[in-house]
Amino acid sequence: MMSIKNYVNNLSDEDLKRIYKKMLMIRKCEEHLGEATKNGAFPGAVHLYIGQEAIAVPLCDQLNDSDWISSTHRGHGHFIAKGGDVKKMMAEIYGKSTGICGGKGGSMHVADFKKGIIGANGVVAGGMGLAVGAALASKMDGNGAVSIIFFGDGAANQGVLMEAMNICSLWNLPMIFMCENNQYSEFTHTSEVTSGKIIDRAEPFGIPKYEVDGNNAVDVWQAAYQAVQRGRNDEGPSFIEAHTYRQRGHVEFEYTFLSRTYRDQNEVELWKTNEKDPILRLESYFIEHNKYSGDDIEKIQKEVQDEVDDAVKFAIESPEPDISSAMVHMIER
Amino acid sequence: MMSIKNYVNNLSDEDLKRIYKKMLMIRKCEEHLGEATKNGAFPGAVHLYIGQEAIAVPLCDQLNDSDWISSTHRGHGHFIAKGGDVKKMMAEIYGKSTGICGGKGGSMHVADFKKGIIGANGVVAGGMGLAVGAALASKMDGNGAVSIIFFGDGAANQGVLMEAMNICSLWNLPMIFMCENNQYSEFTHTSEVTSGKIIDRAEPFGIPKYEVDGNNAVDVWQAAYQAVQRGRNDEGPSFIEAHTYRQRGHVEFEYTFLSRTYRDQNEVELWKTNEKDPILRLESYFIEHNKYSGDDIEKIQKEVQDEVDDAVKFAIESPEPDISSAMVHMIER
Amino acid sequence: MSKQRMMPAINLALQEEMKRDNKVILYGEDAGISLLGQTTGLQENFGKDRVRDTPICENIMTGMAVGAAAAGYRPICHLLYGNFIYTGFDSIANQAAKLKYMTAGQVKLPVVYMAVIGGGRSAAAQHSDIPYPALMNLGGVKVVVPSNSRTAKGLLKSAIRDDNPVFYLTAAGGGRPEEVPDDDNYLIPIGKSEVINQGNDVTIISIGSMTLKALQATKKLNDKGIGVDLIDLLSLVPIDEDTIINSLKKTGRVVIVDEARDICSAASHISAILSDKAFKYLKSPIKRVTVKDVAIPYSPILESHVIPDVADIVNCIEELLELN
Amino acid sequence: MSKQRMMPAINLALQEEMKRDNKVILYGEDAGISLLGQTTGLQENFGKDRVRDTPICENIMTGMAVGAAAAGYRPICHLLYGNFIYTGFDSIANQAAKLKYMTAGQVKLPVVYMAVIGGGRSAAAQHSDIPYPALMNLGGVKVVVPSNSRTAKGLLKSAIRDDNPVFYLTAAGGGRPEEVPDDDNYLIPIGKSEVINQGNDVTIISIGSMTLKALQATKKLNDKGIGVDLIDLLSLVPIDEDTIINSLKKTGRVVIVDEARDICSAASHISAILSDKAFKYLKSPIKRVTVKDVAIPYSPILESHVIPDVADIVNCIEELLELN
Ligand SMILES: Cc1ncc(C[n+]2csc(CCOP(=O)(O)OP(=O)(O)O)c2C)c(N)n1
Ligand SMILES: Cc1ncc(C[n+]2csc(CCOP(=O)(O)OP(=O)(O)O)c2C)c(N)n1
Ligand SMILES: [Mg+2]
Ligand SMILES: [Mg+2]
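Chains as they are written, first to last, in my numbering: chain A, 1 to 333; chain B, 1 to 333; chain C, 1 to 324; chain D, 1 to 324.
A couple of the hints might just be wrong.
[Claimed, not checked] Restricting the straight-line Cα-Cα distance to at most 25 Å, the calculated cross-link-like pairs of lysine-lysine (DSS-like) are:
| # | chain 1 | residue 1 | chain 2 | residue 2 |
| --- | --- | --- | --- | --- |
| 1 | C | Lys280 | D | Lys192 |
| 2 | D | Lys192 | C | Lys292 |
| 3 | A | Lys209 | B | Lys115 |
| 4 | C | Lys277 | D | Lys292 |
| 5 | A | Lys115 | C | Lys277 |
| 6 | A | Lys291 | A | Lys21 |
| 7 | C | Lys280 | D | Lys250 |
| 8 | C | Lys283 | D | Lys192 |
| 9 | C | Lys277 | D | Lys280 |
| 10 | C | Lys250 | A | Lys115 |
| 11 | B | Lys115 | D | Lys283 |
| 12 | D | Lys48 | C | Lys283 |
| 13 | D | Lys292 | C | Lys192 |
| 14 | D | Lys249 | C | Lys277 |
| 15 | C | Lys249 | D | Lys48 |
| 16 | D | Lys249 | C | Lys280 |
| 17 | D | Lys292 | C | Lys280 |
| 18 | C | Lys277 | D | Lys250 |
| 19 | C | Lys250 | D | Lys277 |
| 20 | C | Lys108 | B | Lys197 |
| 21 | B | Lys114 | D | Lys277 |
| 22 | D | Lys277 | C | Lys280 |
| 23 | A | Lys209 | B | Lys209 |
| 24 | C | Lys283 | D | Lys283 |
| 25 | C | Lys250 | D | Lys280 |
| 26 | D | Lys283 | C | Lys277 |
| 27 | C | Lys277 | D | Lys277 |
| 28 | C | Lys220 | A | Lys114 |
| 29 | A | Lys197 | D | Lys219 |
| 30 | C | Lys280 | D | Lys23 |
| 31 | C | Lys283 | D | Lys277 |
[Unchecked claim] Just a sample of chain C residues kept apart from chain D, beta carbon distances all over 12 Å, derived:
| # | residue |
| --- | --- |
| 32 | Asn222 |
| 33 | Lys249 |
| 34 | Glu322 |
[What the hints assert, rightly or not] Pairwise CB distance ranges (calculated):
| # | chain 1 | residue 1 | chain 2 | residue 2 | range |
| --- | --- | --- | --- | --- | --- |
| 35 | A | Pro208 | D | Asp49 | 31 to 41 Å |
| 36 | A | Asn10 | D | Asp309 | 36 to 46 Å |
| 37 | D | Asn22 | B | Leu270 | 53 to 63 Å |
| 38 | A | Asp200 | D | Asp21 | 32 to 42 Å |
| 39 | D | Pro181 | B | Asn172 | 54 to 64 Å |
To be clear, the hints were calculated from the coordinates, so they are not data collected in a lab.
Note that CB positions come from ideal geometry on N, CA and C, so glycine has one too.
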């Protein structure tokens with residue numbers, strides 16, 4: 001993997017610092033959730049985004065509220081990256097009335113349509129059609145908005161991906177296929193369930209492809225830049241495969257129910273090192289290039305942590321949903 | 001397109017004559033059906049295989065009863081090519097009790113499992129999973145049997161194709177993807193609904209691909225030979241795209257309900273010429289190379305026609321199904 | 001008023017609604033040329049942007065309707081035949097029917113899914129299903145089934161204007177030409193049934209293609225001196241419970257005629273509603289005239305054996321009345 | 001006899017049947033390691049050939065089961081959660097349920113489709129559905145829903161030995177450990193229900209996860225002097241009509257408890273059967289205790305509000321008895 005410094009050019013320090021802070025926000029939210037779930041602090045299971053922050057953030061950094069994202073069961077990071085409210089996300093995961101979905105969606109369904117967040121999705125590749133539909137709408141609106149589908153390496157085996165690529169290519173839709181290849185589909189290594197390279201699947205459809213180190217925020221930013229510009233300029237869809245790693249389990253707590261391990265702990269540790277972890281890499285860069293001192297970073301860490309703590313407090317103190325809310329929001333009768 | 005003679009080598013005259021006769025059998029069955037449907041001689045609609053005979057026959061010529069084929073709504077040709085009984089097929093299309101499915105399936109569901117014919121299928125790409133399952137069974141049996149999915153250019157846009165290619169490649173299944181690209185998906189030209197080249201879709205999965213002139217029986221035979229041998233030798237799946245043309249409508253009678261035309265009549269006529277029509281091409285070859293005289297061909301034509309006439313007679317004279325048969329063959333209760 | 005057949009009436013509704021609201025878009029396989037006639041001429045009138053031919057890919061088709069609706073459009077997703085609803089069922093069941101609820105009402109999803117359903121044409125098992133029971137159970141989509149050209153037009157216009165996903169399912173045959181109001185605001189409200197014949201002896205509740213048969217049965221029964229309250233249900237979700245219960249109060253007897261397979265059919269559910277909420281008015285068993293639990297066979301003889309016809313309805317009612 | 005929880009009982013059934021018949025094969029996402037425990041250890045015991053990890057591709061998974069069955073195997077297709085049945089619904093509805101019929105019985109299709117269904121774990125709308133109404137309506141697949149570890153084992157073994165496609169659907173929670181016979185030929189016949197409590201005042205028909213709640217309700221009602229005939233339905237297709245009708249003859253009153261959404265639920269269909277075939281024995285309305293027509297919410301407070309519980313059953317029956 002290339003080091004970050006070779007890449008920094010059209011990305012200002014300001015940009016990178018903003019990206020770093022967002023990544024940290026995701027990390028700290030997820031760390032909290034990973035801890036809190038052990039004590040049963042909230043009702044559902046969580047799939048954490050730790051280790052993959054350098055994918056959602058640099059891409060979403062280039063988007064605004066009229067752009068759309070559609071995501072996965074591992075969706076907290078995408079939600080935050082796209083500007084979703086951390087408090088409302090936390091409250092949602094805590095199942096509270098103040099949650100972004102009133103406590104009805106939970107971790108796998110955090111969404112905020114006003115911010116262009118179509119939402120996380122509990123069905124693998126389930127967000128694909130939603131994103132294509134939004135891309136079609138943007139195309140028809142002619143407003144230069146783009147639509148992003150985040151999906152995993154596992155999701156890349158769902159046939160709907162091929163259908164989506166075909167139609168987006170045919171109709172020249174402003175769509176970005178953002179495959180986050182974290183090497184595992186639940187507990188199975190990608191190589192065991194995936195024939196060939198995922199990114200090559202874009203080729204027969206003539207969709208430009210960008211393969212990037214998904215733990216390198218700058219690398220992702222650059223690829224995303226190409227893809228977003230293509231979309232904005234009505235040049236059609238793009239496909240990015242970002243190689244990354246899931247530092248946590250598929251779902252928290254998995255070893256309480258799995259009968260055996262499925263990956264080497266050394267492998268996991270490797271991806272947490274300064275060389276691999278996307279946040280540590282950014283911090284090293286900042287320090288090496290005197291953009292930040294150690295103290296600066298500590299200060300930012302604390303600021304972010306405070307914000308997360310506030311969000312958690314907000315979630316905890318929020319009231320439970322009123323039971324009457326269970327019966328509304330299906331079709332109107 | 002290359003002329004047939006360059007190709008004939010490992011294919012004996014005997015083989016080619018057998019193939020020709022089967023192709024003729026399909027042609028004449030279909031011609032009858034195309035005529036008879038005008039008078040409402042049988043109940044359902046028919047999608048005729050005329051013009052595509054050089055695909056099913058040379059491939060199925062290399063198969064035996066333990067190999068499997070799974071096909072499309074345009075399935076009469078595949079049924080006959082794989083050794084299905086013409087009488088029983090005809091009776092089925094006439095909706096009679098003597099039909100291969102007792103009159104319960106009709107044109108879109110002619111099947112004969114004893115002959116390895118999983119059957120035609122009314123759902124576009126619906127036969128894909130069936131063929132993959134049969135390929136899996138053959139693989140596990142280790143008996144060298146292969147499984148063929150016939151599908152159209154239109155079907156190639158169903159995502160299930162990608163799922164099938166992925167799993168067949170991963171598991172090294174003895175599967176042949178036989179795409180019959182007849183340039184139209186119902187009334188829409190392939191180019192309007194298909195991004196890129198269909199055959200290229202096999203590439204990312206590492207599946208060997210063979211692009212052939214589907215109106216050239218020898219060309220198809222050679223590609224099929226490669227693919228079948230690969231399957232028999234446990235070398236995994238193959239993908240063939242055979243370029244061809246649908247000489248008849250998508251469905252007979254279509255101009256009684258379509259509000260406008262969708263293709264140029266000159267285009268249609270072109271494909272019926274000696275240079276393009278798969279049967280006329282074979283006949284020219286036989287005559288040019290003194291394999292058959294014009295009389296020989298006339299004689300064969302008559303023999304085949306007689307057999308078709310017999311089948312039609314059988315169908316017409318067969319009794320209607322007994323109504324009690326409507327209530328059986330779902331699950332046993 | 002003018003006499004129209006089913007497909008032209010549907011076409012007219014589409015033309016009118018696409019003209020009225022440029023957020024209405026439509027797509028489907030061969031939508032331009034139109035296999036069955038619903039969409040004929042739309043592409044010429046509204047352009048290839050708003051009327052799109054899609055590849056064959058029901059999975060993405062059903063899903064992208066939801067996304068386009070969430071992003072401000074009113075897509076009509078044309079799925080040709082009811083059986084292909086199954087092909088695109090994932091996004092219908094997991095997205096269209098749930099997204100609004102899961103997000104606590106953040107979005108409106110004005111989607112119309114359109115398909116032709118049912119048998120009677122020797123199209124065999126994969127082109128003749130009545131898929132609405134599966135859709136009804138989702139709870140998150142409306143379902144309407146017109147019975148003739150007038151109700152077809154009025155319901156389609158309401159479906160397009162509705163802010164929820166609506167399945168608009170029409171019978172293959174389409175019945176005979178009916179008078180259709182010319183008013184381009186003629187709407188039939190979703191959730192309302194129509195009482196199309198009045199009588200005191202028995203209530204028939206009919207759905208879609210069965211309404212014409214029920215009407216014919218009604219005439220035969222009238223000739224025998226049996227008075228029929230005939231309700232053309234029109235909407236399956238939501239169901240017009242008031243009208244059916246009121247009719248039952250009057251007649252005390254009910255037969256539900258439904259072209260769906262019997263198990264978990266609309267007929268079963270209506271029966272369940274009545275034996276729960278109108279039990280005390282029931283004078284005799286609630287009868288269902290449905291397709292028994294088989295796929296639809298190809299042979300016309302077999303097909304007409306399994307699909308309810310006029311005689312089945314008449315016989316059922318005669319037996320019912322003899323019981324008492 | 002030995003006490004077992006649900007997942008180990010299912011696992012044991014799989015182990016025994018795979019040992020007994022080497023045509024039984026199993027595949028699914030992470031089938032080797034097993035997300036939920038049903039398939040733990042199978043890959044170690046029977047090899048990667050017979051126990052396969054698949055990519056995520058429910059469409060081809062459901063279809064290839066049919067093909068493999070037609071070609072002589074007895075595949076078990078593990079779909080994880082009930083909602084993913086929708087993802088693979090095309091081949092289920094259009095192929096598995098129809099192929100034998102369309103080909104006039106040419107093939108046997110011994111397929112088991114396996115999934116966990118229902119709510120109660122804050123897994124939210126896309127992991128908590130009860131998809132059986134859609135399956136029941138197909139007519140071409142059997143559907144069984146065990147209620148505890150004993151019925152789970154006995155029904156799974158029958159499902160594997162059955163020559164038809166069978167949906168084997170188990171509740172997420174799985175209930176408490178129960179005594180399970182050690183006999184490796186212990187089968188529970190498909191199509192037979194079990195009367196698990198006898199009483200004269202009211203019949204409760206319960207399905208799957210609802211059986212434990214119905215049993216608790218039965219005890220509460222007994223304490224109040226109300227005698228309950230409690231039928232654990234076990235099979236939804238085919239339904240054991242004799243047993244439920246016989247019970248109704250005795251009690252005259254019936255409540256059906258079903259975790260499905262109400263419209264076109266199993267409860268609705270059972271109600272319809274009874275008001276058709278056992279009308280004269282009915283002393284009061286047929287009641288359904290079901291999930292109302294909403295998706296399953298995440299918040300435990302909301303979720304337990306929509307899913308029927310013991311109090312809902314008890315209240316329903318008390319109201320029913322007061323009516324008379
Ligand atoms: C249609 C469907 N099938 C199966 C599942 C169960 N499941 C949840 S996540 C997952 C693996 C997803 O892997 P990947 O796409 O790589 O995403 P990651 O978890 O690695 O972020 C599976 C199989 C599901 N949620 N939806
Ligand atoms: C799932 C599904 N969608 C749509 C249809 C309607 N339909 C029948 S044939 C056809 C076109 C198929 O085109 P192609 O695969 O190229 O086969 P061809 O007719 O050219 O042989 C369509 C759209 C169908 N039968 N099944
Ligand atoms: Mg992954
Ligand atoms: Mg074609």
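Now the hints, each set against the structure:
Using a Cα cut-off of 25 Å, the hinted pair Lys280(C) and Lys192(D) is violated, with the two alpha carbons roughly 32 Å apart. Restraint check for Lys192(D) and Lys292(C): satisfied, since their Cα atoms lie roughly 21 Å apart, inside the 25 Å limit. Simply put, Lys209(A) and Lys115(B) have alpha-carbon atoms about 45 Å apart, too far for the 25 Å limit, and the pair is violated. Distance check on the hinted pair: Lys277(C) and Lys292(D) sit about 16 Å apart at the alpha-carbon level, within 25 Å; holds.
Only pairs whose Cα atoms come within 25 Å are accepted, and Lys115(A) paired with Lys277(C) is rejected, the gap being roughly 45 Å. Taking the CA atoms of Lys291(A) and Lys21(A), the gap is near 14 Å; set against the 25 Å cutoff, the hint holds. Restraint check for Lys280(C) and Lys250(D): the C-alpha separation of about 20 Å stays at or below 25 Å, so the hint holds. Annotation: proposed proximity of Lys283(C) to Lys192(D) is violated, straight-line Cα distance about 31 Å (limit 25 Å).
Straight-line distance between C-alpha atoms of Lys277(C) and Lys280(D) comes to about 17 Å, which keeps the hinted pair within the 25 Å bound. A distance of roughly 54 Å separates the Cα atoms of Lys250(C) and Lys115(A); the hinted pair therefore is violated under the 25 Å criterion. Taking the CA atoms of Lys115(B) and Lys283(D), the gap is about 58 Å. The hint is violated against a cut of 25 Å. For the hint pairing Lys48(D) with Lys283(C), the CA-to-CA distance comes to about 62 Å; that exceeds 25 Å, so the pair is violated.
A distance of roughly 21 Å separates the Cα atoms of Lys292(D) and Lys192(C); the hinted pair therefore holds under the 25 Å criterion. Between Lys249(D) and Lys277(C), the direct Cα distance comes to roughly 21 Å. Compliance with the 25 Å bound is thereby established for this hinted pair. The straight-line distance between the Cα atoms of Lys249(C) and Lys48(D) is roughly 63 Å, outside the 25 Å bound, and the hint therefore fails. Pair hint Lys249(D) plus Lys280(C) holds up; C-alpha atoms about 19 Å apart against a cutoff of 25 Å.
For a cut-off of 25 Å, the pair hint linking Lys292(D) to Lys280(C) stands: about 24 Å separates their Cα positions. Simply put, Lys277(C) and Lys250(D) have alpha-carbon atoms about 23 Å apart, close enough for the 25 Å limit, and the pair holds. Simply put, Lys250(C) and Lys277(D) have alpha-carbon atoms about 23 Å apart, close enough for the 25 Å limit, and the pair holds. Distance hint between Lys108(C) and Lys197(B) is unfulfilled; the C-alpha atoms sit about 38 Å from each other, more than 25 Å.
Note on Lys114(B) and Lys277(D): the hinted pairing is violated, with a Cα-Cα distance of about 42 Å set against a maximum of 25 Å. Taking the CA atoms of Lys277(D) and Lys280(C), the gap is about 17 Å. The hint holds against a cut of 25 Å. Distance hint between Lys209(A) and Lys209(B) is fulfilled; the C-alpha atoms sit about 22 Å from each other, no more than 25 Å. For the hint linking Lys283(C) to Lys283(D), the alpha-carbon distance of about 12 Å falls within 25 Å, and the restraint holds.
A threshold of 25 Å between alpha carbons decides the hint, and for Lys250(C) with Lys280(D) the separation of about 20 Å falls inside it, so the pair holds. Our distance criterion of 25 Å between C-alpha atoms is met by Lys283(D) and Lys277(C), whose separation comes to about 14 Å. For the suggested pair Lys277(C) and Lys277(D), the alpha carbons sit about 19 Å apart, so the restraint of at most 25 Å is met. Restraint check for Lys220(C) and Lys114(A): not satisfied, since their Cα atoms lie roughly 58 Å apart, outside the 25 Å limit.
Distance restraint check for Lys197(A) and Lys219(D): the Cα-Cα separation of roughly 59 Å exceeds the 25 Å cut-off, and the hinted pair is therefore not satisfied. Distance check on the hinted pair: Lys280(C) and Lys23(D) sit about 55 Å apart at the alpha-carbon level, beyond 25 Å; violated. For the proposed pair Lys283(C) and Lys277(D), the alpha carbon gap of about 14 Å is at most 25 Å, so the pair holds. No beta-carbon of chain D is positioned within 12 Å of the beta-carbon of Asn222(C); the least distance is around 25 Å.
Once the 12 Å rule is applied to beta carbons, Lys249(C) is consistent with being away from chain D; the minimum gap is 15 Å. Against the 12 Å criterion, Glu322(C) stays outside the reach of chain D, whose nearest CB is about 14 Å from its own CB. Roughly 40 Å separates the CB atoms of Pro208(A) and Asp49(D), a value that falls within the hinted 31 to 41 Å. The supplied range of 36 to 46 Å is broken by Asn10(A) and Asp309(D), whose beta-carbon atoms lie about 59 Å from each other.
For Asn22(D) and Leu270(B), the hinted distance range of 53 to 63 Å is satisfied, since their beta carbons lie about 55 Å from each other. Range check, Asp200(A) to Asp21(D): Cβ separation about 40 Å, and the 32 to 42 Å hint holds. One distance hint, 54 to 64 Å for the beta-carbon pair Pro181(D) and Asn172(B), is violated here, with the actual separation near 42 Å.
In terms of the numbered hints stated before, the structure departs from hints 1, 3, 5, 8, 10, 11, 12, 15, 20, 21, 28, 29, 30, 36 and 39, listed from lowest to highest.
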